[in-house]
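We have chain P; now place chains V and E with the ligands onto it with these hints.
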Amino acid sequence: MTEAPHAGLAVNGTPYESVIGIECHVELRTQTKMFCGCRNVFGAEPNSNVCPTCLGMPGALPVPNRLALELLVKAGLAFGADIPAFSKFDRKNYFYPDMPKDYQISQYDTPLTQGGLVEFWVRDGTRGRCRLTRIHLEEDTGKSSHAGSRDGRIAGSKHSLVDFNRAGVPLMECVSEPDIRTGPQAVAYLETLKRTFVALGVSDVKMEEGSLRCDVNLSLRPLGSSAYGTKTEIKNMNSFRSVERAIESEIARQAALLARGERIVQETRGWDEAAGTTHSMRSKEEAHDYRYFPDPDLSPIAFAGDDIARLRGELGILPNARIERFISDGVPLVQALQLIDTPGLAAYYETAATLSGKPQATLNFVLGDLSRLANETGIPVHASRVTASALAELVALVDAGTINSKTAKDLLGRLWADGGSARTLVESEGLAQVSDPGAIDTVVAEVLAANGKTVADYRAGKTKVLGFLVGSVMKQSRGKANPQLVEERLRAALETTGVS
Amino acid sequence: MMASDDIDVAYVAKLARIALSPDETERFGTQLTALLEHVAALEKLAVADVPATAQVVPSENVVRDDVPRPSLERETVLEAAPERQGAYFRVPRIIAEDSIVGEET
Amino acid sequence: MTVPETAAEIARAVNERELSAAAIAAEFEARIHLREAAVGAFLTQTGALALAHAERVDARVRAGEELPLAGVPLAIKDNMCLTGTRTTCGSKILENWTAPYTATAVQRLLDAGALPVGKTNLDEFAMGSSCENSALGTTRNPWDRERVPGGSSGGSVAAVAAGEAVLALGSDTGGSIREPAAFCGVVGFKPTYGRVSRYGLIAFASSLDQIGPVARTVQDAARCYDVMAGHDPLDATSLARPVAATHNGLRDDLRGVRIGLVNEFTLSALGADVRATYERAYADLEGLGADLVDVSLPTADYGVATYYLIAPAECSSNLARFDGMRYGLRVPGADVAETYERTRAAGFGDEVKRRILIGTHALSSGYYDAYYVRAQKARTLIAADFATAFQRCDAIAAPAAASEAFRFAAKSDPYSMYLMDYYTIPMSLAGLPALSVPCGFVTPPDGAHPLPLGLQLTTPLFEERTLLGIAHAYERATMHASVRPPIAANETARV
Ligand SMILES: [Mg+2]
Ligand SMILES: [Zn+2]
Numbered sequence: 001m002t003e004a005p006h007a008g009l010a011v012n013g014t015p016y017e018s019v020i021g022i023e024c025h026v027e028l029r030t031q032t033k034m035f036c037g038c039r040n041v042f043g044a045e046p047n048s049n050v051c052p053t054c055l056g057m058p059g060a061l062p063v064p065n066r067l068a069l070e071l072l073v074k075a076g077l078a079f080g081a082d083i084p085a086f087s088k089f090d091r092k093n094y095f096y097p098d099m100p101k102d103y104q105i106s107q108y109d110t111p112l113t114q115g116g117l118v119e120f121w122v123r124d125g126t127r128g129r130c131r132l133t134r135i136h137l138e139e140d141t142g143k144s145s146h147a148g149s150r151d152g153r154i155a156g157s158k159h160s161l162v163d164f165n166r167a168g169v170p171l172m173e174c175v176s177e178p179d180i181r182t183g184p185q186a187v188a189y190l191e192t193l194k195r196t197f198v199a200l201g202v203s204d205v206k207m208e209e210g211s212l213r214c215d216v217n218l219s220l221r222p223l224g225s226s227a228y229g230t231k232t233e234i235k236n237m238n239s240f241r242s243v244e245r246a247i248e249s250e251i252a253r254q255a256a257l258l259a260r261g262e263r264i265v266q267e268t269r270g271w272d273e274a275a276g277t278t279h280s281m282r283s284k285e286e287a288h289d290y291r292y293f294p295d296p297d298l299s300p301i302a303f304a305g306d307d308i309a310r311l312r313g314e315l316g317i318l319p320n321a322r323i324e325r326f327i328s329d330g331v332p333l334v335q336a337l338q339l340i341d342t343p344g345l346a347a348y349y350e351t352a353a354t355l356s357g358k359p360q361a362t363l364n365f366v367l368g369d370l371s372r373l374a375n376e377t378g379i380p381v382h383a384s385r386v387t388a389s390a391l392a393e394l395v396a397l398v399d400a401g402t403i404n405s406k407t408a409k410d411l412l413g414r415l416w417a418d419g420g421s422a423r424t425l426v427e428s429e430g431l432a433q434v435s436d437p438g439a440i441d442t443v444v445a446e447v448l449a450a451n452g453k454t455v456a457d458y459r460a461g462k463t464k465v466l467g468f469l470v471g472s473v474m475k476q477s478r479g480k481a482n483p484q485l486v487e488e489r490l491r492a493a494l495e496t497t498g499v500s
Numbered sequence: 001m002m003a004s005d006d007i008d009v010a011y012v013a014k015l016a017r018i019a020l021s022p023d024e025t026e027r028f029g030t031q032l033t034a035l036l037e038h039v040a041a042l043e044k045l046a047v048a049d050v051p052a053t054a055q056v057v058p059s060e061n062v063v064r065d066d067v068p069r070p071s072l073e074r075e076t077v078l079e080a081a082p083e084r085q086g087a088y089f090r091v092p093r094i095i096a097e098d099s100i101v102g103e104e105t
Numbered sequence: 001m002t003v004p005e006t007a008a009e010i011a012r013a014v015n016e017r018e019l020s021a022a023a024i025a026a027e028f029e030a031r032i033h034l035r036e037a038a039v040g041a042f043l044t045q046t047g048a049l050a051l052a053h054a055e056r057v058d059a060r061v062r063a064g065e066e067l068p069l070a071g072v073p074l075a076i077k078d079n080m081c082l083t084g085t086r087t088t089c090g091s092k093i094l095e096n097w098t099a100p101y102t103a104t105a106v107q108r109l110l111d112a113g114a115l116p117v118g119k120t121n122l123d124e125f126a127m128g129s130s131c132e133n134s135a136l137g138t139t140r141n142p143w144d145r146e147r148v149p150g151g152s153s154g155g156s157v158a159a160v161a162a163g164e165a166v167l168a169l170g171s172d173t174g175g176s177i178r179e180p181a182a183f184c185g186v187v188g189f190k191p192t193y194g195r196v197s198r199y200g201l202i203a204f205a206s207s208l209d210q211i212g213p214v215a216r217t218v219q220d221a222a223r224c225y226d227v228m229a230g231h232d233p234l235d236a237t238s239l240a241r242p243v244a245a246t247h248n249g250l251r252d253d254l255r256g257v258r259i260g261l262v263n264e265f266t267l268s269a270l271g272a273d274v275r276a277t278y279e280r281a282y283a284d285l286e287g288l289g290a291d292l293v294d295v296s297l298p299t300a301d302y303g304v305a306t307y308y309l310i311a312p313a314e315c316s317s318n319l320a321r322f323d324g325m326r327y328g329l330r331v332p333g334a335d336v337a338e339t340y341e342r343t344r345a346a347g348f349g350d351e352v353k354r355r356i357l358i359g360t361h362a363l364s365s366g367y368y369d370a371y372y373v374r375a376q377k378a379r380t381l382i383a384a385d386f387a388t389a390f391q392r393c394d395a396i397a398a399p400a401a402a403s404e405a406f407r408f409a410a411k412s413d414p415y416s417m418y419l420m421d422y423y424t425i426p427m428s429l430a431g432l433p434a435l436s437v438p439c440g441f442v443t444p445p446d447g448a449h450p451l452p453l454g455l456q457l458t459t460p461l462f463e464e465r466t467l468l469g470i471a472h473a474y475e476r477a478t479m480h481a482s483v484r485p486p487i488a489a490n491e492t493a494r495v
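Note that the protein sequences, when read in sequence, are chains P, V and E. Just so it is clear: in the first sequence, position 21 is 21 by this note's numbering, and no numbers are missing. Just so it is clear: in the second sequence, position 49 is 49 by this note's numbering, and no numbers are missing. Just so it is clear: in the third sequence, position 177 is 177 by this note's numbering, and no numbers are missing.
The following block holds chain P by itself, in its conformation from the complex (with noise of 0.2 Å):
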């Protein structure tokens, strides 16, 4: 569906492009587990979230969560999906010592949602989308971490130590069709379900905190070619950037082996990221069996029709739609980008843009002041003392020429530090900028006055020197004068011989 192949991606002379497909599975924002009433947080002590349903002792039962049932809804609708009229849970059968019941709880041929449409901004400029398979529910796994190994990997460990705090926290599994082809639109993609989930509030989706974690399929096939070549499924990716690395190797990898005429092998690959390779994990001829059958123990569901309607009506305006709507207002990609991405930055640049009609400006503002200003103290642009209604009021002073920018900045630190309003300081401390030519002309000539040899400079040629008395009229005037006209008057005064 996307148009731009892999760049310049060939065997021996032919063209190729990489097929990629996306499974994300993301962990849902609830206060309880999917199937039982312990708290689902990030980081609590050890085995201190359980009980017997998520520890899966023997006689406990499962109950599913109204709220994570809904919020994958959402996630789907977001997206355009279809939710069928019956989905019900089944078990996938295979045993784990981080899986307590040896089986997990999933959705096989019914999930929550179906299809779907990703659109997405590659940071170069262009647009792709990517179709959604499907959504579903399904439960977490507990934790392992690995002792007695030097680097806490499997490997060379005697014995694993398990933490079931996230055993059953409800996780949804974001399947996609094999529309993606490079790793930047992998990216894109990505960070566009992150951007989507975040503002629905369906997932904090922290990659560090494990609350989304993706695996990468991924063949390769002549340009052109509507057959899929053999795939590779690539695991263990922490980070956005270590997802487009890992796909950047295994294109590279893949195209090497094709260019040496040799097989691609179906199997599971790990990334390493110190190496900046995949390396082999088993290979599926090691066939599963997962037997899944339909749970028992959990009844189908059924959103009826009002459920739906009630759940996209709860969606608000989503982020790719104002993304759109920045572009269309002449905001550059990067920074309609960076607004979207920097929580409540885009909500209050609306607010902003809005009450002074300014929408460049504000921008300036946002992206420019006073994110450095967020940066410097850590407290971000929304939750700061400059209100949407302080900034905008500060806009309009710049815009009707009352104050000047170098006052602006100056103010704007002002109102980080304490609060209160641009046009209330403005007036009761005397900023408003001085228009007035016969006021500049008495501070002009007070500065030719004192820089004579500067004066003769600039008679005799050196032009550049403007800048210097400029400025020099600028301090005299405590920052108020208009830059415009000190400079415009500055000039006048040079030009006219007989001065001195």
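Derived by calculation from the structure, the hints in this document are not laboratory data. These numbers come from a predicted model, not from an experiment. Just to be clear, a hint being listed does not mean it is correct.
Unchecked claim - Here are the simulated SDA-like cross-link-like pairs (lysine to any residue), alpha carbons at most 20 Å apart as the crow flies: (1) Lys14/V - Tyr292/P; (2) Lys411/E - Ala54/V; (3) Lys88/P - Val57/V; (4) Lys143/P - Ala80/V; (5) Lys88/P - Gln55/V; (6) Lys92/P - Ser365/E; (7) Lys88/P - Arg64/V; (8) Lys143/P - Ala87/V; (9) Lys88/P - Thr380/E; (10) Lys409/P - Pro437/P; (11) Lys92/P - Ala54/V; (12) Lys92/P - Gln55/V; (13) Lys44/V - Leu381/E; (14) Lys44/V - Val373/E; (15) Lys14/V - Pro332/E; (16) Lys158/P - Ala81/V; (17) Lys44/V - Ala384/E; (18) Lys143/P - Asp335/E; (19) Lys88/P - Ala52/V; (20) Lys14/V - Ala337/E; (21) Lys14/V - Ala334/E; (22) Lys158/P - Pro332/E; (23) Lys143/P - Glu83/V; (24) Lys158/P - Arg342/E; (25) Lys88/P - Val373/E; (26) Lys14/V - Asp289/P.
Frame of chain P; chains V and E with the ligands shown alone:
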């Protein structure tokens, strides 16, 4: 379709994670093959257009609110563990050294 | 005074403070001590716990509360959790596991004043029809110690029959309450699937398992059921619909009641005495005013085959969690895979292994549709047959078991054991309420003692009130339940 002598006991025991001696594999194979011959009687039932019953008393949308309930005391939980290390369950190393298996979700 | 024989009388006496619950707890601890060597109903005795509960019951009664099960000694099948007590499922894999929580059904009975006297023996993980599959003990039939009590709830029925408890909880998946109740001459009642919460019942086959009461009388079973039944927010399969009280719906005659006799359940396969007993039972129903009608269950013959795909499939998944990682037995191996395999090989008995293996097979790739899905479809047909039959009758009468209690080791072929549940499995597959009520005695050619038989009655889904009403009328008229096995016949202890 419902071949009665088709159970591969060794394969099924592997899936079910039960170690069987050769004798047991043989004995269970005989017994289970006999049982499968009995259940093959179901082939005589015409079921093509019959819906499958997963739940005999139908219900749907049985859910709970997202409200926390108390968890178990950690000591109670860990005391029951065959092996523990501090606040963790201690389990044998997850797989043999030469084949690293990733986390499934 | 002596302790009355029924829960109804005990609760009345305790509520009216004629008897203290504490005295009853002490009496039953002593009685169990005397009789257990002969019966072996219990895997764990909890006399101290019963006494502690009794003291609380006495305090509540003194404070003016009236409790429906005040001071009633209760035996609990050992596949139900009770906080702080060993809960084993009759398996080596859970031999030393202490439950950290209490099953909802158990909790409701305790809150109603019942005294937990112990945890009873069962076929391992409730898989069996004789109690011989327990890895942890042998339970004997109180009527003839050379014979099995039936199963899987063998310990619970033996405890009630031998007077070691007044009420007991069993669980019924394919007949595990009704068949042993018939073998031991007590009332065993399986409610509609979903009536009683399964939370805390260690699952065998989740879509079939149902907790139910074992009692001396239908009235006691009704009283126990009324306390237990009803929606539990911790069990998503427990029914939300209201429960009509049954204990006040008991009737004395069967005028106007249509009772169906199943054409396919011919009695000719049964022994002559057994057949004669059932024919007399049907005649007694008619004598009480019931209209006997013929009904047909054309797919009932497929019940056993259907059941032995569905139940093992579910059990293969339900029992995966017994893996030696978080609780229970662990037999260490070189790595985790070997630890799983050794633990489960050592922890499970042969019958459990057989069912896990057949169930794994039925769900495995390439066989799922042929076995599991086909069985689920057969289940639909079986339930539909009952629905059709119930258009012609209010209840169905049938044998509760294919024979009287048999001798230990008499059924060495697994399939011959499976056939013991031929008459009870179809009702389980259809989720129907069904019970076994004593209907007479036979003395088998190879035995010296008369052995009880049970009449199975079944009604449509949710019709527990009708079912218990009919059973009560039959029980009252025939008096079979008043005959006690010798070990329990002489309860003269004064308290
Ligand atoms: Mg998954
Ligand atoms: Zn929990």
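Are any of the numbered hints broken by this structure? If so, which, sorted upward? 2 and 10
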